[in-house]
Every structure is written in structure tokens, then in C-alpha cells.
Amino acid sequence: MATSRKVTLLSSDGESFEVEQSVAVESITIKDSIEEGSAGNPIPVPKVNSKILAKVIEYCKKHVESAKAEDRVDDEDLVAWDADFVKVDQATLFDLIRAANFLNIKSLLDLTCQTVADMIKGKTPEEKRKTFTIRNDFTPEEEEEVRRENQWAFE
Amino acid sequence: MSSSDDEAKLPQDVAVEILKRLPARSLLRFRCVCRSWRSTIDDPRFAALHLSHSALHASNWHLLWLHWGGLRNLCSLFSNESLAMPSQSEIGMPFANPRNIHGPVGSCNGLICVKEISARRYGQTMYLWNLFARKHKVVPRSGLDSRFFLVGFPCGVLGIPREVLGFGFDARSNDYKIVKILYLLDNNHRCIGGMKPWVETYSLGIDSWRRLECEVPAICDDEQAVFLNGNMHWSALEFDVPWAESKYVSIVSFDVAGEVFDEMPLPEEIVRMDNGRLSVYLAVLNDLLAVFVNLMKALGHPGPDSVCSIWVMREYGVHESWTKMYSFEARGLVTNFNGFTRNGELLMEIGGLEQVSWNPITGQYANLPLPPQSDLVTVIESIVSP
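Chains as they are written, first to last, in the numbering used here: chain A, 1 to 155; chain B, 1 to 386.
Only chain B is shown next, with the shape it has when bound in the complex (with noise of 0.2 Å):
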């Protein structure tokens, strides 16, 4: 070896600073090339520096729209910066059986949390994956479903079970968690039998369940939890309310560190729309939380399908800070709301048919070469590991 080769070698910091702008495949060859950089990629906190490198660059922000109906194992994978580009590829998900049914529970720095549901066992399992680094785990089920047999479920007979899922990070223990929550309700919405919901969270870090003793404010609407400001979000439903009077009145949030549930009021506008016509949907808004309102049309009356308004919390927590953004009128009847691009655009369903990206500011709606049965979660390149 020459002696210029000391020179030629640069500080381990520096080639930190090279390597976090990386993408996930490039860095997953280079553990090959010496035992020095397999260490440094294999570390968590390089991929947590890579991760927050990964945020800052809008190109490493994409769209995963999971399909549902038709080929079912398999994902559009769109780049957040632009939609009209063709640049979409399939990706199949690996530990995916074609024959059932699979949907976003979150996204969370990359890992993607999935359900799996199958027709011929009760229950969903879900799956933690990394695309980017080709890489999935398993989660292991849950005491829950045991425990449905246990009381003499399937319970069409006793009542509606609901199954609400969330994923999110828990910053302070650097471990990622899914919260199911379990509601057995009778058709004016109580909780039977006196039964409350019943909670259990999985953490990552453990690889288990356990079950959580504490209070959920309300029924939470069984969508894609929002995870943001390290809680996950989901809209609800008041309890011991008939169904056909129920509204939603609330936000229903969980904070992931400290496990625990809390409420926040609905803007008084919403809560008095006419709730046999209304869906709200959340959305995460330039880092805010937000809020989707679609009132449809009324059968028999003329007017437009679906007139939607866009409301965000400028200041989280802070109930006098909710803001009406603006509202429109839709060229069809809403059928699903899919988030926000980075951009600002609105994703929607329309028809039950069309998948649509809409801008506010010109008004100008793109349809997407996506089938009408997706569900899509955000997702950011990244090497975390499940």
C-alpha cells in the first residue's frame, strides 16, 4: 500500500456525510465493501441520520397506493413531487397472499405498517416493511383475537365489534407501536354488556402485545390514523348515541410515548352540519393537522354532489386556533379523501370510480392511472429495519 493512502482515507464523520445522501439500494450494496461502513450502515443511528437527511429532499417523499380490489399484492408506487409523471412503478409485496385483502394501518419514517385480511381466519396479521430496503416483518397476533372467542364472538348476534388500528414512533423510547382498540357496541352505540373498549399496544422493541388499562373518549372511525406532534389521530363518534343520530364531534388522539387517550372538539361548524350527509376525514397539512369535510348532496335535492371544505389547527392542541381554509364544490360525489401531496394538491376518489389529484389554486383536477379500490399511505425512503 502506497503511503499516500492515509491522505486518501477520509475522517469517519465525513463519510457519514457522504453516505446519508444515499439511497436505500446503494447503501445496501455498499455493506459489502469493508467491515467498517457494513457497521456504520448496520447502525440505527445512521439510519435515523439518514432518515432525517431522507426528509429534508421532497424527491424522497413518495406515494404507495395499495390495492385492494384486482391484483392484490400489489402497489403503485408514485414520487410525491409529481403525479402526472409516469414515473410510478409495481412493486409486489412480499409477504402478500393474493387472494386477501391488504390496507395501510400507518407509515411512519419509512416503515409502512400492513393488515392482512383473510377470508378464512378471523383477524387481520399485519406485517411492519421496509420497501426501499426490502425488508418485512411479521407482527405476531394479538391476545385480542383469542379473547373474542373467549366471550362467544363472532358476534353478529351480541353486536357490531369494531377494530380500530394506529401506528406510530415513540420518540422517547425510539420504538415503533401499533394500538388496537377493540369496541363492542349495540346499535345506539354503547359499549355492551357494559364492557369497556378494550386496548392493547404492540411495540417493536418487545415484539409483544400488551394490554392497556385506560379510557377511550369515543368511537374512533376505523380509517388510517394520522400520526403526528407523536400522537395518532383519528376522528369519532360521540357513545350512547343512536347510530342514525351519531355525528362526529371529536378527534380522538393517543399519545404513542405516553399511551394514553385524549379528545379534542370538532370546530362547532362541523359538529352542526347534517350528519346523516357528512364525512370528515383527517389529513396531515403542511405539518398541521387537518381536517376534510364532505357534505353530500341530499337525495332528491338539486345542488352539487359534494361541497368539501378544508379546515387545519394552526396551533396543535389549541381549539380557538382551527381555521377554515376554503371550500369548493367537487365535480362529482367525494367518494373517499386520500390526503394531501406535498404540494398542497387534494387526492380523491370521485364516482366511486375515478382516482383524482385536485389543485386549489388553479382549480384543475389530474386523473390518476390508479383502479378506484386503493388505499395510499405516504411513505419516505429510508433504511429503518422492522
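Just chain A, same shape as in the assembly (with noise of 0.2 Å):
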């Protein structure tokens, strides 16, 4: 039986991380450039520092394992365990979801979006600015119109 074979991941601050290549393609921007032939190795990961990359694997690692017929995991494990991975802080939530998009790999992002969705749900607007660090660019009378618009909705 052949040995798994590994690759090595290179993150944006210079860190190598070796990962079985079974790991590696649940990010489907790692997997085509593996089987078109374009990838170096190490295969550089810009844009992803070696903090998240890390956590990225963890997670990789962890869902690459659980769906293996013979260490079947419990979905209610799964998903526990999944709850745990999603409680950091905010900043490294916010690079979790840009890591999982630019490296598309889709479970990821949907926890993560899922999680940041379900947090600023019940936000007002002024806490998802800050939440996002997002600039109002509506005058104050402007707001005031697009309130009014769908003023059910603050109440």
C-alpha cells in the first residue's frame, strides 16, 4: 500500500507546515493547482499567516478524519467540536472566513459565516459598523429615510 503523500504549505510569513496531501486538497485553490501541475513545493499560501494557516489544518485534519469509514465520528461530535473551533476572537474570525474563501474551502466558510451571521443578528446597525468597521456614508437624514423605509424592523 502506497505511503500518503504529503506536501508542504508555506504561509505568508515564511512558516512551513508539512500536511498529508489528503489534508491539503479539502481547499479546493491547493487541490487545482496540485493537479494542474503549477504548484511549487513548498506551495506558497500568501494572503494566510502561519497563526490561522495553523488553525486552518487543524481544521482540515479534523474533518479529512472523521469522514474516514474506520474513525467514524459522531455528527454531534463533529458539530461540538466545530462550535469549540469558531470560539476566538473576532479578528481571527474575521481571517478564518478571508483564509476559507481565498482558499476555498466551503465547509469552513460556512462555519464561519454561519457564526459571525448568527452573532450580528440581533445588532443594531451602529453595532454592525463596529463590528465590521464599516464607514456610514449616509448623511444623518438619509439614515433617518431608510429607517423610516422599514421602521417595523427596529422595534
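Wrong hints could be hidden among the right ones.
Per the computed footprint, the stretches of chain B lying under chain A, defined by three or more beta-carbons under 8 Å from a beta-carbon of chain A, are [to be verified]:
id	stretch
1	33 to 47
2	313 to 322
Here are a few chain A residues that sit away from chain B, every Cβ distance over 12 Å (derived from the structure) [said to hold, decoys possible]:
id	residue
3	Leu-78
4	Trp-81
5	Val-116
6	Pro-125
Think of the hints as simulated: they come from the structure by calculation, not from any bench. Backbone N, C-alpha and C fix where the C-beta goes; we use that ideal spot for every residue, glycine too.
The task is to assemble the complex, starting from two chains supplied on their own in separate frames and drawing on the hints.
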């Protein structure tokens, strides 16, 4: 039986991570570059620093392992593990979202986006602006008018 | 502004990934966060994306019951996941006059089409309503109503008018349509004076009605049309058969994009049943077209009040694929059938009094806290605007 192949990923701040290929290809971006033969060795992962890349690798490892037949992890356990995984500070959460988006890891993107959606669901627009660091480009009069269009949603 | 602002910002496509998971109320609140959020949320393409995400999750599907007896401008909203949970709320229809009766015409992508029957003026007013976005629109009246008077109706004298309505979505032109069929029949189910049934369609995109010159193959039931696979469906009776002998023989479909009618025969076993004691209802079960058949006890005969059976068309349009799933004796006389929940439970009215759900696997009935004079429409949470 062939030994599992390993690849090396290089974070934006120069740290190397050796992982099984089956774990690395959870990222469609990496999978495509390996299949096209354009991936170097190590595979550079720009925009993702070592702290975040380590977490992403941890996520992919867990999900690849739990999908294996011999090692079947209970669905409930995986859901609980995922819930713990996203208990991080907001900056890290946003970094994970950006990494999942860039690396095209759908399940991680779903998990992190859903977490943020649940966080902001009940918030006011001011709180939302703070969370996303958005500049309010409405004038006070314009904002008032937009509010009035759906006044009931604020009650 | 600090230099870390750019890093804190999320790319637009990622922001959309988050927004599409939010409930309607949150989204409408967040329109005032900034201009680009507002234009994203208002974009019909975003509404479509939000809808497809919403449709994947059972918690976004709801049962809305419109009350036509009693408090006529109120509806009861249930989460489709569990009717047993008292998590329903009473919703007022913002456009509804409590003196009038309101009934569902159909529901599609979160838009509900409601018809309002007024005692005072002939004809019906219709509304398109998204209850989660709290937006509604009055549908302009069609030319059909005035034509009625041109030919000299009301027509208890001349014949029996039957108006059939349907509501659906044209995926080709991304448009919502209402279809109206007007039959004028004598007691032998013949069209009076050789007149063909009159058909009109309303398009939300152009906000107007137009007449359709097309053949209608049979006499549709004036129940809510079932919208599936781009077609509206009604159970139907034959033309040219005396009323006392008429039986359900087919399902009439209307292709919303192509604007053309077609007909599919019902399974022979159903057509052979004693039509005098039969009610046939259409519904959707697991994304398949389904038929609920209620065979009622003959007067003076012993036996169960209602013997019911469920059929599904496993392959759409393929007659041979009609499959009888199961049959059962109801615990009383079934006076109305309201479709299936997403987990396959039946919703029925028994004895004209009780609204119940029935689980076909356990055989258990559950009484629903609803008045008997209620019609059901299934609705999905969306921000699609009428």
C-alpha cells in the first residue's frame, strides 16, 4: 500500500507546514494548483499567516479524519468540535473567513460565516458598523429615511 | 481611521456569504448601515441568493393558515418543523378588510398571492404579499371582471361561472405570474354558447393582465393550484359530462414560462372509483406531485367514514410511474386536505370541525390549535419583493 503523500505549505510569514495531501486538498485552491501541476514545493499560501494557517490545517485534518469509515466520528461530536473551533476572538474569526474564502474550503466558510451571521442577527446597525469597521456614508437625513422604510424592523 | 481598517474589511463576496444567512428582519434593519450594504440587500440577485440558501434549511419553511371564518384578516403562522410546538404567531394581513373573506391562491419563493372576496362588489381583489419583508402589492383588476357584465351576467340565469386561479414563477423571465381561467358551464359541463373558457395571465414584471388564446383541456377544480417543476396543477373534470356523472379524470397543468396548458391522466384506479363519493386533492410530497384521494362512505352503508390513499408520480410526466404509497382509514369524515409537512405528515380537516396532522408511520393524530375554517399555504422566508 502506498504511503500517503505529503505536501508542504508555506505561510505568508515564512513558516512551513507539512501535511498529508488528503488534508491539503480540502482546499479547492490548493487541489487545483496541484492537479494543474503549477504548485511549487513548498506550496506558497500568500495572505494567510502561520497562526491562521495552523488553525485551518487543524480544521481540515479533523474533517478528513472524521469522514474516514474506520474512524467514524459521531456527527454530534463533530458539530460540537466545530462550535468550539470558532470560539475565537473576532479578528481571528474574520481572518479564518478570509482564509477559507481564498483557499476555497466550503465547509469552513459555511461554519465561519454562519457564526458571524448568528452573532450579528440581533444587533443594531451601529453595532454592525463597529463589528465590520464600516464607515457610515449616509447623511443623518438619508439614514433616517432608510430607517423609516422598514421602521417595524427596529421595534 | 487607523491603517488596520483595510484588513478589518471583508471582501464583498464574503460579506454576501454572511448576509445571505440572515433573517429578513435583520437584513432590512441593516439597509441603513451604509450605501453598499443597502444596494446589496436591495439587489434582486441578492434576494435570489438569499432565497436559495433559505430554502435549504427546514427552519425557514412555515405554514401559514388564513382564516376565512371568524377573524378574517388574521393568519396563524407555524414553523413547519414542528406543529406541536406552540411557536405560532398571529399575523395580521395589512391589506385585509376584516369584513371580507381572504383565501390563498398560491405561494412561491416567499411571495403569497391572496384573493379577497367582497360581498359588495363583483369579482376578487388580489394581493401579492411577502410577510417576512412586510411588503405587499395590490394586483390590478383584470379585464375579465368587466367582460362578465358585458355579456349580461350575473348568470345564475345563463349558467354557472367557475373561476380558477393559479400563482407561479416563470424561471425563464424571472417573473411571477397569476393565471385566471373563467369557465361558463351549464349542468352538463358544457361551455355555454360554445364559448371557450377565457384565460388571462398577470405578469408582475409588467404589472398587467393580458388575454391568452389557448385551449384548456378540462374543467379545473377551483382549489389552490400546486406549483411544481415550473407548472401549475389542478385536478380536473371532463367537459361534456352531466354533473351527476362527472368524475376526476386528469390533472391539468399550465406551463408558466411557455403559457400553455396540458393534461395528465390520473391513475386508472382512481378514475374507476365511485365518483359520487370521491374527493381528489393535489399536493407536493418530497418534491413529487402527489394525489390525496378521499373515498367517503355511502349513506346508510356500514364502514369507515373516509378511506384515503396517497399516490405520487415518481417520474414527472410519466404516467406509468404513478405509485400508490399507502391507504388508511381516517378517524372520521375527512372534509378537507391541506397537504403534507416537510417530514411527510398529512394535514386534514375532520368532520368539518377539527384540524389535525397525521403521521403515516406512527399512525398518530395531533390536533392543531386552529379554527376549522382555515386554508393553508406553505411559505418560505425570503426578501423577494412583490
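Taking 8 Å as the Cβ threshold, is the statement that the stretch 313 to 322 of chain B is covered by chain A upheld or broken by the three-residue rule? violated (count 0)
Pro-125 of chain A and chain B, when compared Cβ to Cβ, separated by more than 12 Å: 5 Å, violated
A cut-off of 12 Å on Cβ-Cβ distance, and Trp-81 of chain A was said to be off the interface with chain B. Does that hold? 21 Å, holds
Compute the least Cβ-Cβ separation between Val-116 of chain A and chain B, then decide whether it is above 12 Å. 5 Å, violated
Cβ contact check, 8 Å cutoff: the stretch 33 to 47 of chain B against chain A, three residues minimum: Contact hint for the stretch 33 to 47 of chain B vs chain A: holds, 5 residues under 8 Å.
Non-interface claim for Leu-78 of chain A versus chain B (Cβ beyond 12 Å): Leu-78 of chain A is indeed farther than 12 Å from all Cβ atoms of chain B, at 18 Å.
In summary, the structure is inconsistent with hints 2, 5 and 6 from the numbered list given earlier, while agreeing with the others.
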